[in-house]
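Novice: Please build the complete structure, drawing on both the sequences and the hints.
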Amino acid sequence: MSRPPSGNWLRGTVIRKGGSSVGNTRTSTPQIQSTSSTVFGGGVKDASGRVSEYSSMDDTCPVCKSDRYLNPKLRLLVSACYHKMCESCIDRLFTLGPAPCPICGKILRKLAFTPQTFEDLGVEKEVAIRRRIAKEFNKRREDFADLHSYNDYLEMVEDITFNLINDIDIPDTEARIAAYRRENAALIELNVQREEQYQKYLKEQEEAERQEREQIALELRRLEEEEREERAKERREIIDKLETSDKDAAKLVARSRADALRRAHARSSSSTVANARLQRSRTAQSAVVADVPHVPLQDDWYTYEDKFVLRDDYDDPASEAVRRDRDGIMRAGGYRVEEAWERALRSAVAGLEIMPLQGLSNEDSAHPNG
Amino acid sequence: MAAGQPSHANAEASSSKHSIYEASTQYRHWRFSPEQLVDTRASLNAAAVSVIRDAFEADEARSSTTVSFLDANEESLLVKLYVGKVSQLCGHFRFPEEVEATAMSYLKRFYLKNTVMDWHPKNVMLTALFLATKTTNNPIPVDTYASHIPKTQPSDVLDLEFLVAQSLGFDFAVWHAHRALWGMSLDIQVLPELTREEVHRVYQIALNHVRASRLTDAELIFTPAQIALACLSLASPHLAVSWTRLKLAEDADMLLSAIQPIKDMVVAHGSSPDVEAVRDVDRRLKLCKNPEKVMGSRAYMKKQQEAERRADEKRKRKAAEVRRAMEEGDPFGSELARDGAMDDDDDDD
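Protein sequences, first through last, are from chains A and B. With my numbering applied, the first sequence corresponds to residues 1 to 370, in that order. With my numbering applied, the second sequence corresponds to residues 1 to 349, in that order.
Honestly, the hints are just simulated from the structure, not real lab data. Note that the structure is a prediction, hence the values are computed from the model and not measured. We put the CB at the ideal spot given by N, CA and C, even for glycine. Hints may contain errors.
[Claimed, not checked] Reference listing, derived: stretches of chain B covered by chain A, where coverage requires no fewer than 3 residues with Cβ under 8 Å from a Cβ of chain A: (1) 175 to 181; (2) 195 to 205; (3) 248 to 255; (4) 268 to 282.
[Stated by the list, open to error] Sample of chain A residues at the chain B side, in silico, Cβ under 10 Å: (5) 296; (6) 300; (7) 308; (8) 343.
Specialist: Structure follows, in structure tokens:
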């Protein structure tokens, strides 16, 4: 489950009303026209911070029984006890302060109504509960000594969530949550801060990237401008020259063209330099992880590297033919005479110091399969 | 192999690390002391003689008393003759030296696990050489191979192939002295005051000594580099001394004295055995061959029948098991524990 952006899951700060929003890109989301003067918060926001509301043609308010046929502007909202009501009913019942829900009798307040995002209210409820739980149960893997205890913690969180969603042992579960909150107040606060910092960091990075892009665009615009000016100047010059000078017109034009070309070339190269600098700074930012060189073989065999030095050339009749082969036909398979030499040199010194066995002592280890 | 651990030439480098040569199967499985070699061959011979004696007795009572079996020395003499034959054959096929050396090693190793009275080296030699062409990446079609050897069918070569490979413990990689000598011939070029002709002359002489060393047991006792050094020392003692001093500094003298036995071995045993003596051994071998391995003999028939009977018994038992399982309604048998008798059917032949 994704973490809520920041702790405003029940505040109506970001919500935009359908009527006021223009240029909506999500054509599939119907825009709801509110008949109430109250701004209801909550609901599930999409990536652009907009709440997409669920509505259908056969919506009926369960309280006043009015439907979309009678009232095309019908907007159903969801109460804290997950019952639907139309805006006019909410205005009628809760304007004078907290009142019992007409369906289940729970005391409700007007501002605790939220727009409906999902068709299934069970999902609506689950999402809201998970948000609430995630806000307080925000421990991370680093907060635990081992994976086992972390998994236990996740299991506990899931238990509590499940209980809340399915209304099992609500008082008991709420008590557990309260106890947890008391015990971990400092850690929760710390993790909230951490999360905020991370969000801030992400935002900053985004901002930096955006600025960079702007910079590049600006640069390009400037170059274009310059180029245009230059071309205009050039044209003027040619006309001036043609007026004043008595040289061959074609030659003059050709020379100024060549000049222009040279200047354009210089410009483009200077801009590529700037681009390269940008590119470099970006790679410098992203190169955080040190690249450890890969060692393919790790064993402790002694290969006599200190006992021989491979020279570039030997007087070696055995490999004469291969070395003379100018077309490389004999080396087509990747044969390198240096490797053959190295192997020979190594085998010349390998095992020189290993003295022969004596007596019958370690007969068994000498040929275990014998 | 702690007991065989030498006092290392460069203690600081190899105290924590093991020489790469010690990783080879040649070091781990095919390195013996001279005493071990004698002992292995003697016990192998004794075991073979007692088995074959029993076979003779089973064939015909009191027939073994007249047979004179080969002893361990006669066996090695015969093997040595056929080791020498490998190089003739390789000359005929123009196989590289690596094939020749590998085949010779295989043949010697094979007869540390088997006796010539069971498997005649004439046949084993052909198989060992054919196997060596494959393991050294110089393959030749078996038909071509067999057609160049008189009175040999491809099946003669292939029938023994698995037996040979199994006796070798599938240790096909061999470290050769001639490669070490090649390395030395390259490396002595760093020594001052050495003409090109001198290097070539010494190399050729030393190479001939290396070839001679293949007829001896040197490779089963010493490392290839030591054999190469001994051969170099036979060709040019002062070159060998100065090269060793350059490589090993203070341990050089110890090494130079340690390779003395190789030199003696190459000089004393580095030539093909006397043909007359071998012919006598071969004649006696015809009489004392393991009758169970001679096609057409009574013991061979008996052994075949015995094998047949056992296979038949096994087949019947398996069929009965299957039938019983089918009758009980479960074609795959029931619990594994009850069908313990099925276990010995895994080694299907």
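Novice: State for each hint whether it applies.
Specialist: Hint check results:
1. With a cut-off of 8 Å between beta carbons, the segment 175 to 181 of chain B has 5 residues touching chain A; three or more are needed, and the interface restraint holds.
2. Chain A is given as covering the segment 195 to 205 of chain B, and this holds because 3 residues of the stretch bring a CB closer than 8 Å to a CB of that chain, at least three being needed.
3. With 3 residues carrying a beta carbon less than 8 Å from a beta carbon of chain A, the segment 248 to 255 of chain B meets the three-residue requirement, and the given coverage holds.
4. With 0 residues carrying a beta carbon less than 8 Å from a beta carbon of chain A, the segment 268 to 282 of chain B misses the three-residue requirement, and the given coverage is violated.
5. With a cut of 10 Å, the hint placing residue 296 (chain A) at the interface with chain B is violated, because the nearest CB-to-CB distance is about 16 Å.
6. With a least beta-carbon distance of about 5 Å to chain B, the hint placing residue 300 (chain A) at the interface is held under the 10 Å criterion.
7. Annotation: residue 308 (chain A) was flagged as interfacial toward chain B, and the flag holds, the nearest CB pair being 6 Å apart, inside 10 Å.
8. About 7 Å separates the beta-carbon of residue 343 (chain A) from the nearest beta-carbon of chain B, less than 10 Å, and the hint is met.
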